[in-house]
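Peer 1: Listed below, chain by chain, are the residues.
Protein chains: 2
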Amino acid sequence: MFDLKEWLLQTLLKLNLTNFMELKYGFTRLGFSKQEKLAHEQFRKIASNLGLKIWQDQVGNQWALWEVDPNAPTIGMGSHLDTVVEGGGYDGVAGIVIALGAIRELKRKNINPQKNIAVICFICEESARFGISTIGSKTIAGTINKSMWEKVTDKDNITIRQAMEEYGINWDHFQNAYCEENRFESFIELHIEQGNQLHKNKKDIGIVYGISTPIRLKVTAYGIANHTGTSLMDERNDALVAISPLISIVQEEALKINEKSKHPLVATVSTVNVQPNVMNVIPGTVELGIDIRSVDDKLKRDFAKNISSHCKRLAEKHQIKVKIEVLADEDSVIRDKNIQEKFSELCEHMGLSYCIMNSGAGHDVMNMAKRWPSGLIFIPSINGISHHPDEYTPLRNLELGVSVLTTYLTNEVGGYHK
Amino acid sequence: MFDLKEWLLQTLLKLNLTNFMELKYGFTRLGFSKQEKLAHEQFRKIASNLGLKIWQDQVGNQWALWEVDPNAPTIGMGSHLDTVVEGGGYDGVAGIVIALGAIRELKRKNINPQKNIAVICFICEESARFGISTIGSKTIAGTINKSMWEKVTDKDNITIRQAMEEYGINWDHFQNAYCEENRFESFIELHIEQGNQLHKNKKDIGIVYGISTPIRLKVTAYGIANHTGTSLMDERNDALVAISPLISIVQEEALKINEKSKHPLVATVSTVNVQPNVMNVIPGTVELGIDIRSVDDKLKRDFAKNISSHCKRLAEKHQIKVKIEVLADEDSVIRDKNIQEKFSELCEHMGLSYCIMNSGAGHDVMNMAKRWPSGLIFIPSINGISHHPDEYTPLRNLELGVSVLTTYLTNEVGGYHK
Chain A
931 MFDLKEWLLQ TLLKLNLTNF MELKYGFTRL GFSKQEKLAH EQFRKIASNL
981 GLKIWQDQVG NQWALWEVDP NAPTIGMGSH LDTVVEGGGY DGVAGIVIAL
1031 GAIRELKRKN INPQKNIAVI CFICEESARF GISTIGSKTI AGTINKSMWE
1081 KVTDKDNITI RQAMEEYGIN WDHFQNAYCE ENRFESFIEL HIEQGNQLHK
1131 NKKDIGIVYG ISTPIRLKVT AYGIANHTGT SLMDERNDAL VAISPLISIV
1181 QEEALKINEK SKHPLVATVS TVNVQPNVMN VIPGTVELGI DIRSVDDKLK
1231 RDFAKNISSH CKRLAEKHQI KVKIEVLADE DSVIRDKNIQ EKFSELCEHM
1281 GLSYCIMNSG AGHDVMNMAK RWPSGLIFIP SINGISHHPD EYTPLRNLEL
1331 GVSVLTTYLT NEVGGYHK
Chain B
931 MFDLKEWLLQ TLLKLNLTNF MELKYGFTRL GFSKQEKLAH EQFRKIASNL
981 GLKIWQDQVG NQWALWEVDP NAPTIGMGSH LDTVVEGGGY DGVAGIVIAL
1031 GAIRELKRKN INPQKNIAVI CFICEESARF GISTIGSKTI AGTINKSMWE
1081 KVTDKDNITI RQAMEEYGIN WDHFQNAYCE ENRFESFIEL HIEQGNQLHK
1131 NKKDIGIVYG ISTPIRLKVT AYGIANHTGT SLMDERNDAL VAISPLISIV
1181 QEEALKINEK SKHPLVATVS TVNVQPNVMN VIPGTVELGI DIRSVDDKLK
1231 RDFAKNISSH CKRLAEKHQI KVKIEVLADE DSVIRDKNIQ EKFSELCEHM
1281 GLSYCIMNSG AGHDVMNMAK RWPSGLIFIP SINGISHHPD EYTPLRNLEL
1331 GVSVLTTYLT NEVGGYHK
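Residue numbers (our numbering), protein chains in the order written: chain A, 931 to 1348; chain B, 931 to 1348.
One should not assume that every hint holds.
One copy or two, either will do: identical chains are not told apart, so a pair holds if it fits within one copy or between any two.
Below are the DSBU-like pairs computed for lysine-lysine, each with C-alpha atoms no more than 35 angstroms apart in a straight line [said to hold, decoys possible]:
no., residue 1, residue 2
1, K1037, K1253
2, K1085, K967
3, K935, K1045
4, K1242, K983
Just so you know, these hints were derived from the structure itself, not from any lab.
With these hints in hand, go ahead and build the complete structure from the sequences.
Peer 2: Structure, rendered in structure tokens:
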């Protein structure tokens, strides 16, 4: 039988559908893709081998349950197996590997839990495909926006509905994956940090206080497309010339705010789409996607207002039209203090170095936390690199994650040695 | 039998594969596409109806010949039927319609030419698909770069070779479309202006002195992709923040040059490609396509050098890497003075308002002019709009174009009434 480290590596490889983690172009498993489905199938096999009960719910989340008594409370754990385009193999996957690893440890130690333990692979966590994130956990928590989702498309013009149906999901009933209050007693997500605080400060574990959920803006500038060779410089309505200064403005205004504010704010022009985007045509339409985050909700909302007024100023200056759409704007989520304290005590008891921190990235636990007492635990990302083929967390840190969850579960499930 | 105006309209519609010119999204007929082939097939039908001999050459150019004597000299005319993405229905097509219209007029007037007259639809004139323009006329003129073409791809990663082969062209032999010196006595292209000089100054005809062929640069900035939420503002290597100031620099430097130089210069950042271009990832790689034109070759080359040094400065400032590639850099082409004079005299004689002007756009005639005495004649584009669904030239101006070419041909072919 494999030792834990070897089992973690093999499980990581299986869920990533690979024999080798160091791939030049990383991993691409978009939400509701065949690749995500294949990863879920691997999860089913691994969970079955651990003796867990497995099923897929109506939206495509994959469940694995250690059921000791249908009437006992259930402790939920989970994360996701989808990735961004050319992302890393740890984002989401590490949390699933560790949750399964903790169950394996409980079994190996002959712990006999008094509560059920569930592991969930939430479907389509990343916003990489549709600009909408955490579809699986939103459905479980009942915070879906079906009418909006029906209209949103990926870059190939496929709607969420079409993608779901191709995946085998029934669009009319997927919301039935919603869970009642008594489904969980509590919920824990373990995830790689995706930032550099733990690695830089040599901490093993991060216990998350707040998640800075993004405000997302789509700014569309409308100029007039024309031939690059025949339109004199002072006769143009170039949408790109008009709106591109916003890219530096977002960066500089965010830097300024961080000089004086208590909580950090991050803001990024992360997407640019130019129409028609050919060499001999002046840009007619330009879409910029802007992602703004802080655990201080007022700070991020004031920033978004400031950016909007810069857009209007640029539009006036260059005599073009600008449309600003708010794609997302949610309150920052504060985790359950009781669970945070439990993890702090446990880390101290285990002699692990840890810190209380905020999360700049959104996670499925955001949605779970709206309904159930929830916690988010981080393990380090080397050099803070994530959403990139170089994303990496050493096996040693996955092992420490397993130790922490195993200890937590042992305390929670009131188990005894058989 | 249709009168000329009606025939011009019907021919315009047929070549555009439409019943209606005013289409919201204009016309999309990329080079070597099925749409271009369908337009070429329409051309064959129309030319056959005019009694012309038709064939396709080895690269896919479509020829129509009024052959009076295989040993007589041939006057060539021609333009193209391909378009940019969502372009207009006059760019290229108007020139073909008018060339055919002039032949129809010669026949209607029972002119019996002493020379052959050829009309050529050059394949893949636009650079919209591959970033490489005038493939058909380059092949005829023998200025192809086959090894470079083999590597270039469109946005779907299809190489020129693959596109040609799918079109039915034999890659190994397409260069045999090359024409010997004695193939033409002279060559004339009539085209819509695609700029606003004729319309603004109320001129019927433009006689082109020089074509400002573009220098095209591809600037690639290499930053580091990372999660937008977890990377603090001062810890980033955002390729877009680093390189985007170049967009304003290109505009402002070009405006500055036009204040003091004799010939105008135009410069455009026309394409932007961000990798990975998703909401929650900091731009890791950004490609900018820059198009620089002037009939003053030194002016445009100095400008390109200036932009390159700005790139290097931005790279140093933001500590990223920048690569600059020159995709195109050709001398500006000056037309045959003799042909220009003939058209000037002819316009004066016909009482048409005309001007001598430069072309900001490249045309197939650029390549033909390297081998044969050539001329480029413009008719107005309303409001100078081109490469856009609103591109428009009234039928009256097409008719004037036919009159001019008919008179020119009548003078040249030394014909007599039968």
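Peer 1: Would you mind marking each hint as holding or not holding in the structure?
Peer 2: Outcome of the hint check:
In this assembly of identical chains, the alpha carbons of K1037 and K1253 never lie at most 35 angstroms apart, being 56 angstroms within a copy and 55 angstroms across copies at closest. Within a single copy, K1085 and K967 get their C-alpha atoms as close as 20 angstroms, and across copies as close as 28 angstroms, so both meet the 35 angstroms cut-off. Taking CA atoms no more than 35 angstroms apart as the test, K935 paired with K1045 passes inside one copy only; the shortest distance there is 27 angstroms, against 86 angstroms between copies. Neither within a single protomer nor between protomers do K1242 and K983 lie at most 35 angstroms apart by alpha-carbon distance, with minima of 55 angstroms and 59 angstroms respectively.
In terms of the numbered hints stated before, the structure departs from hints 1 and 4, listed from lowest to highest.
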